[in-house]
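Q: The lines below spell out each chain.
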Amino acid sequence: MSELFVGVLIFVSLISTLVAAATRETEKLLWGTILCSLGLGLSILISGGGYFGVLVISVFLLTDLLLYLYFRSLYVHPKKKLINKAADRMNRIFMLWMGLCGFIIAAISMHEFIENNPFSGDRLRPVALLHQRIWGEDWYILSLATMIIGLVAFGGFFLVRREKND
Amino acid sequence: MTDLLLQEIILVLLLAIFLVGAFTMLIRRVAVWSLVGQIIAIKSVVAGSFFLASYIGRAPGDLLSLCLLFLGALPTVAAIGLLVLHRCARFGGTLDLEEEDRLRG
Numbered sequence: 001m002s003e004l005f006v007g008v009l010i011f012v013s014l015i016s017t018l019v020a021a022a023t024r025e026t027e028k029l030l031w032g033t034i035l036c037s038l039g040l041g042l043s044i045l046i047s048g049g050g051y052f053g054v055l056v057i058s059v060f061l062l063t064d065l066l067l068y069l070y071f072r073s074l075y076v077h078p079k080k081k082l083i084n085k086a087a088d089r090m091n092r093i094f095m096l097w098m099g100l101c102g103f104i105i106a107a108i109s110m111h112e113f114i115e116n117n118p119f120s121g122d123r124l125r126p127v128a129l130l131h132q133r134i135w136g137e138d139w140y141i142l143s144l145a146t147m148i149i150g151l152v153a154f155g156g157f158f159l160v161r162r163e164k165n166d
Numbered sequence: 001m002t003d004l005l006l007q008e009i010i011l012v013l014l015l016a017i018f019l020v021g022a023f024t025m026l027i028r029r030v031a032v033w034s035l036v037g038q039i040i041a042i043k044s045v046v047a048g049s050f051f052l053a054s055y056i057g058r059a060p061g062d063l064l065s066l067c068l069l070f071l072g073a074l075p076t077v078a079a080i081g082l083l084v085l086h087r088c089a090r091f092g093g094t095l096d097l098e099e100e101d102r103l104r105g
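Which chain is which? The protein sequence lines are A and B, in order. Per our numbering, residue 1 is the first one in the first sequence, and the count goes up by one each step. Per our numbering, residue 1 is the first one in the second sequence, and the count goes up by one each step.
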């Protein structure tokens with residue numbers, strides 16, 4: 001039964017992807033990518049992904065948030081003029097920061113702090129395999145390098161971008 | 001419907017999402033949609049590698065490594081792609097590649 005539900009979720013993701021890819025409107029594109037992210041992430045979560053499923057949903061939605069913030073910076077969506085550019089910049093940084101904190105907190109709390117957590121990874125085979133293969137000492141170095149690259153990209157986005165002048 | 005058939009359908013659907021992303025990247029002439037196609041394709045690789053690791057018994061750890069690698073790459077690719085788009089600055093508010101062609105002329 002769960003496999004059938006996973007199939008339905010992925011089918012919904014496919015339809016959302018088609019809408020996002022074919023539309024000419026930014027609002028439909030955003031909603032299409034968000035539904036695609038939720039569909040794929042929930043299917044992983046239901047299939048025994050455990051806290052990894054939460055991590056996948058968070059990373060996917062964080063990426064969609066980046067897209068939304070980009071559209072805001074161009075006044076494409078929403079089509080409102082800025083009252084205060086500095087305040088709007090701070091709002092974007094804050095939204096991104098909340099998104100990052102949210103997914104880190106969600107993933108860590110799911111994994112470690114909640115007792116008898118039904119999403120705890122060790123009891124679920126795919127995530128148990130993930131732990132065997134991934135969380136070795138050498139992967140700490142790789143994850144550190146990945147985080148540094150990510151920070152440079154995010155930091156660069158906010159440091160070098162120019163405001164669009166009306 | 002058997003579990004095996006359902007698993008095959010799930011993998012085919014994920015392949016379809018990947019193909020939609022790839023074709024969007026290649027066919028759409030608006031720059032942001034091209035980036036969206038890349039993002040969609042990477043999302044499908046993440047999900048596909050996870051499900052493949054769940055379904056097959058051999059070397060699932062390598063597939064999960066692939067899953068984690070692409071999961072880490074997704075926001076970085078998106079951020080770098082959006083940074084490039086924004087720095088180009090010639091797209092104005094239209095996000096239209098045809099405008100870019102006229103500027104080259």
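It is worth saying that the hints were derived from the structure and are not from the lab. Incorrect hints may appear among the rest.
Incomplete in silico selection of chain B near chain A, CB under 7 Å [said to hold, decoys possible]:
| no. | residue |
| --- | --- |
| 1 | 10 |
| 2 | 12 |
| 3 | 18 |
| 4 | 20 |
| 5 | 22 |
| 6 | 25 |
| 7 | 31 |
| 8 | 38 |
| 9 | 78 |
| 10 | 79 |
| 11 | 82 |
| 12 | 84 |
Computed from the model, here is a short list of chain A residues facing chain B with C-beta under 10 Å [to be verified]:
| no. | residue |
| --- | --- |
| 13 | 4 |
| 14 | 13 |
| 15 | 18 |
| 16 | 21 |
| 17 | 31 |
| 18 | 33 |
| 19 | 49 |
| 20 | 53 |
| 21 | 67 |
Glycine included, C-beta positions come from ideal geometry on N, C-alpha and C.
Q: Confirm or reject each hint.
A: Do the hints match the structure? See the list:
1. Restraint check, residue 10(B) versus chain A: the minimum CB separation of about 5 Å is within 7 Å; hint holds.
2. With 7 Å as the threshold, the beta carbon of residue 12(B) stays out of range of chain A, its nearest partner Cβ sitting at about 10 Å, so the hint is violated.
3. At a threshold of 7 Å, the smallest CB-CB gap from residue 18(B) to chain A is about 10 Å, leaving the interface hint violated.
4. Here the hint on residue 20(B) is kept, as its CB sits about 5 Å from the closest CB of chain A, short of 7 Å.
5. Hint status for residue 22(B) relative to chain A: violated, with the closest Cβ pair at about 10 Å, above 7 Å.
6. For the restraint placing residue 25(B) at the interface with chain A, the shortest Cβ-Cβ distance is roughly 9 Å, beyond the 7 Å limit, so the hint is violated.
7. Interface restraint check for residue 31(B): the shortest CB-CB distance to chain A comes to about 11 Å, outside 7 Å, so the restraint is violated.
8. Given the 7 Å rule on beta carbons, the hint for residue 38(B) is violated: about 11 Å separates it from the nearest Cβ of chain A.
9. Taken as an interface hint, residue 78(B) checks out: its beta carbon lies about 5 Å from the nearest beta carbon of chain A, inside 7 Å.
10. Satisfaction of the interface hint for residue 79(B) is found here, the shortest Cβ-Cβ separation to chain A being roughly 4 Å, below the 7 Å cut-off.
11. Interface hint at residue 82(B): satisfied, since its Cβ lies 5 Å from the closest Cβ of chain A, which is below the 7 Å cut-off.
12. Look at residue 84(B): its Cβ only gets to about 10 Å from chain A, farther than 7 Å, so that hint breaks.
13. Checking residue 4(A) against chain B: minimum C-beta separation of about 6 Å stays under 10 Å; hint holds.
14. With a least beta-carbon distance of about 6 Å to chain B, the hint placing residue 13(A) at the interface is held under the 10 Å criterion.
15. The criterion of a C-beta within 10 Å of any C-beta in chain B is met by residue 18(A), whose closest approach is roughly 6 Å, and the hint holds.
16. Given hint, residue 21(A) at the interface with chain B, holds; its Cβ is 4 Å from that chain's nearest Cβ, closer than 10 Å.
17. Given the 10 Å rule on beta carbons, the hint for residue 31(A) is violated: about 12 Å separates it from the nearest Cβ of chain B.
18. Using the Cβ-Cβ criterion of 10 Å, the hint placing residue 33(A) at the interface with chain B is satisfied: the shortest such distance is roughly 6 Å.
19. Interface hint status for residue 49(A): upheld, as the beta-carbon distance to the closest one in chain B is roughly 7 Å, under 10 Å.
20. This hint holds: residue 53(A) has a C-beta 9 Å from the nearest C-beta of chain B, less than the 10 Å allowed.
21. For residue 67(A), the suggested interface contact is upheld, since its CB lies about 7 Å from the closest CB of chain B, less than 10 Å.
When each numbered hint is compared with the structure, violations occur for hints 2, 3, 5, 6, 7, 8, 12, 17.
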